[in-house]
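Participant: In order, the protein sequences belong to chains E and W.
Add 7 to a position in the first sequence, counting from 1, and you land on the number used in this note's numbering.
Add 231 to a position in the second sequence, counting from 1, and you land on the number used in this note's numbering.
FYI, nobody ran anything at the bench for these hints, they're computed from the structure.
Bear in mind the structure is a predicted one, so any value in this text is a computation, not a measurement.
Here a beta-carbon is modelled for each residue, glycine too, at the ideal position from N, C-alpha and C.
Incorrect hints may appear among the rest.
[Stated by the list, open to error] Computed cross-link-like contacts, DSS-like style, restricted to lysine-lysine with a CA-CA straight-line distance of at most 27 Å:
1) W:K510 - W:K652
2) E:K70 - E:K80
3) W:K510 - W:K716
4) W:K788 - E:K140
5) W:K557 - W:K612
6) W:K612 - E:K303
[Said to hold, decoys possible] Going by beta-carbon spacing under 7 Å, a handful of chain W positions derived as facing chain E:
7) L430
8) P437
9) S438
10) V442
11) T537
12) D541
13) G543
14) M545
15) F549
16) M611
17) S614
18) R619
19) L790
20) A793
21) I796
[As the list claims (entries may be wrong)] Which stretches of chain E does chain W cover? Using the computed rule of at least three CB atoms under 8 Å from a CB of chain W, they are:
22) 215–225
23) 252–258
24) 289–297
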Amino acid sequence: MNTGLGGAMDIIGILLSVIFVSAMLIWVERRLLAVWQDRLGPNRVGPLGLFQVAADMIKMFFKEDWIPPFADKPVFVLAPTIVFITMLTGFAVIPFAPGVGIIDFNFGLLYFLALTSLSVYSVVLAGYASNNKYSMLGSLRAAAQTVSYEVFMGISIMGVVMLSGTFNLREIVEAQRDGWFILPQFAGFIVFLVAAVAESRRAPFDLPEAEQELIAGFHIEYSGMKFGMFFVGEYLGITLSSAMIVTLFFGGWLGPWLPPLVWFCLKTAAFILFFILLRGSLPRPRYDQLMTFGWKAMLPVALLNLLATGAVALSSA
Amino acid sequence: MSDRIMRELSDRFGDGAFAVQPTADKIPTLWVAREHIRPFLGFLKNEAPPGYAMLFDLSAVDERQRVRRQGLPASAYTVVYHLLSFDRNEDIRLKVALSGDSLSLPSVCDIWPSANWYEREVWDMFGIVFEGHPNLRRILMPPTWIGHPLRKDHPARATEMAPYRLSDEREDMEQEALRFVPEEWGMQRHSGDSDFLFLNLGPNHPSAHGVFRVALQLDGEEIVDAVPDIGYHHRGAEKMGERQSWHTYIPYTDRVDYLGGSMNNFPYVLAVERLAGIKVPERAQVIRVMIAEFYRLASHLLFYGTFAQDIGQMSPIFYMFIDREKVFDIMESISGARMHSSYFRIGGVALDLPEGWDERVREFIDYLPARLDQYDRMVMKNSTIRRRTQGVGTYTSAEAIGWSVTGAGLRATGFEWDYRKARPYSGYENYEFDIPTGQHGDCYDRCAVRIEEMRQSIRIIRQCMDNMPAGPYKADHPLTTPPPKARTLHDIETLIDHFLNVSWGPVIPSGEACVTVEATKGLNGYYLTSDGGTMSYRTRIRTPSFPHLQMIPQMCKGLMIADLIAILASIDFVMADVDR
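Just need the whole structure built from these sequences, with the hints factored in.
Facilitator: Structure (structure tokens):
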């Protein structure tokens, strides 16, 4: 265990900066999509519209905290907190830089997988508790989608584990000193990337909320800060996924000249932008097409990658 | 031409079986006895080779207050069947006279499936019963409505009615009428091994393109049955036609297919001009064609964007809105208004083209083709879009004709028929353009046909621009609006004409005319009846979207919700065009 981690400063700093970044991503996404779509985006509140997020937050806090009379009240209230909490606690194992982080955990990777799996409960319970047919369809889609893509996500990163010989995220980063895993694990990276988008339930894999079909899907009945938690939870999710992609495949904090923390943040930011660009460009597949793609394309690729990596690892050993 | 069908009908049914009525639009118009209507229609569709395959329109007229009937058979209510034959390239109109005490007719739903909604509409609006109709319920008005709005004794304005009060009992009754009972919609609650989920899609749903409702019967996400429910956008446009002057009704037409702007003025002013016998000068004809094609571009661009958006592609709509905005900028510089320019006038157009119009038009038509190529790469070549739309929502040409589908939806099945080619109006015969067709009749082809139509529209606009004739932009005729003013201060007759024409509006000679154009969404026709007054006696608007929606259940059975969204997007309808 690394003793430099987990100080009060680390915990508070990381918590605040992660929440701050995720909230600001709301503005970043709206402005970026606007640039790509030849429009302006929010530019009225503060310089460049930077205070838009603050204005949105104030609005959400002051909205009536409304729970539909037909909803299952305790579950309805609980559901949005789950995604928020699981995503936030996921950041505990992220190796931001040497000496920066909350916990150095031997099974960090498994911990991450466990938490992303838990987050689907949020969506499923929200849909169930809303007692709304559109929500129900959305949460059913979410359950099927997450359970399926979880499988390939797990398998896709086993190659990284084989190459580095550890589940510890810091050691995985250190193992990439001689070369990032993106090269030997390219197939694994692609599968992980697709699965990460699917897990985050963002376009083009936003079937659980599919605005054009299910209006807002699982969170159709939510408003005010409960909706806000889903909203920020989604951005926490893509931040976490981007951080994991950087850690597993792009050498984490490794990089010349700049301080490690800067490298880590830059790489993560690049993937966050990629997630946003993806949303702006791709249409949504149909539910059964998504499933077919997962089981008939992603799973074989992930398995073959595992097989090849295993063979190479064995022969070189 | 039309003599041939008359001969065939007399050979088959005898000379006395029908009476011929002369009309201003030269469409053969026959009065048929009630008991003969089904044999006549059956003969015209199936036996008269080549037959009249499409039930183009089915409407009615309340004749009780009509003064100048000019020797027509006595009738309280007349039901009008308008058939279209593609092979003969000819229409025929059959009329049945009904007396006030026996308002019933046999249904023809078994001859044309599209008659279903048309008959429901006639029942709703006039209270005429169609015997043997499977589901004769109100379609445009709410189920609790009392009376039949298009009857002449039904009030048209709120001021003609008692003040509206919503009592508690009335409110409860209205609420109760909204309760969804699957059996009333012809649906089962259970099958052998599963309970169905009923999903109410609309009238407030982002992909329903307006206030349109589909009641879905689902097994999981699979659609077992779908029942469209329309009428939420009904504003009584036909009733309004009976209380607006011929001139002041023009802006109302813009709002029927509200994405088509002045394209809607087109059939209306053509029909009025046909009744009044006005010949439109050449320059006005070319201007009209150009404006209409611009509105076709605007409408198709919006369709294209929403089509991509409904399949979950977020960005294209913004690019297309920018192009559409450029169309509206040009429309604004020509007519002064953007979406609903009401630019056409009886006898011509409102204003002459402004100075420098050709530069703006040239700039735009040089710019758009490259953008369309870009959109092709972005949308039509995208593999997810292809997977989502190819083979989804298919129908054949025969099915489309049976359901009265026109426009791009018909051409997507490979049926090459365009009103502008088959029956050119406003000088369309002088333009070079192709009729794009599809092959499969699926969502993808419907979109592809419209995209190609945009390229053809650009070609037409370029020809308009290069060959714009000089001359007046409005006919010199006393019935045109606004009336000619030049000589008003020189001779008293012109002054009187002008005064009456401006204060009361033009008096259009009595008669009937139906003029149809290839509008943005299909065939749009205005069937006007004049009783020699300053207002229309009956304005029947035959819109393309109305029958298109009727086909939805047939297109989406066995598919998933996401497919239904793609199908709705590919139909390209506007609810105002459905409900009027």
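Participant: Each hint needs a verdict: does it hold in this structure or not?
Facilitator: Now for the hints, and whether the structure bears them out:
no. : hint            : in the structure
1   : W:K510 - W:K652 : holds (21 Å)
2   : E:K70 - E:K80   : holds (18 Å)
3   : W:K510 - W:K716 : holds (18 Å)
4   : W:K788 - E:K140 : holds (20 Å)
5   : W:K557 - W:K612 : holds (25 Å)
6   : W:K612 - E:K303 : holds (23 Å)
7   : L430            : holds (5 Å)
8   : P437            : holds (6 Å)
9   : S438            : holds (5 Å)
10  : V442            : violated (15 Å)
11  : T537            : violated (9 Å)
12  : D541            : holds (5 Å)
13  : G543            : holds (3 Å)
14  : M545            : holds (6 Å)
15  : F549            : holds (4 Å)
16  : M611            : violated (11 Å)
17  : S614            : violated (9 Å)
18  : R619            : holds (6 Å)
19  : L790            : violated (9 Å)
20  : A793            : holds (5 Å)
21  : I796            : holds (5 Å)
22  : 215–225         : holds (count 6)
23  : 252–258         : violated (count 0)
24  : 289–297         : holds (count 8)
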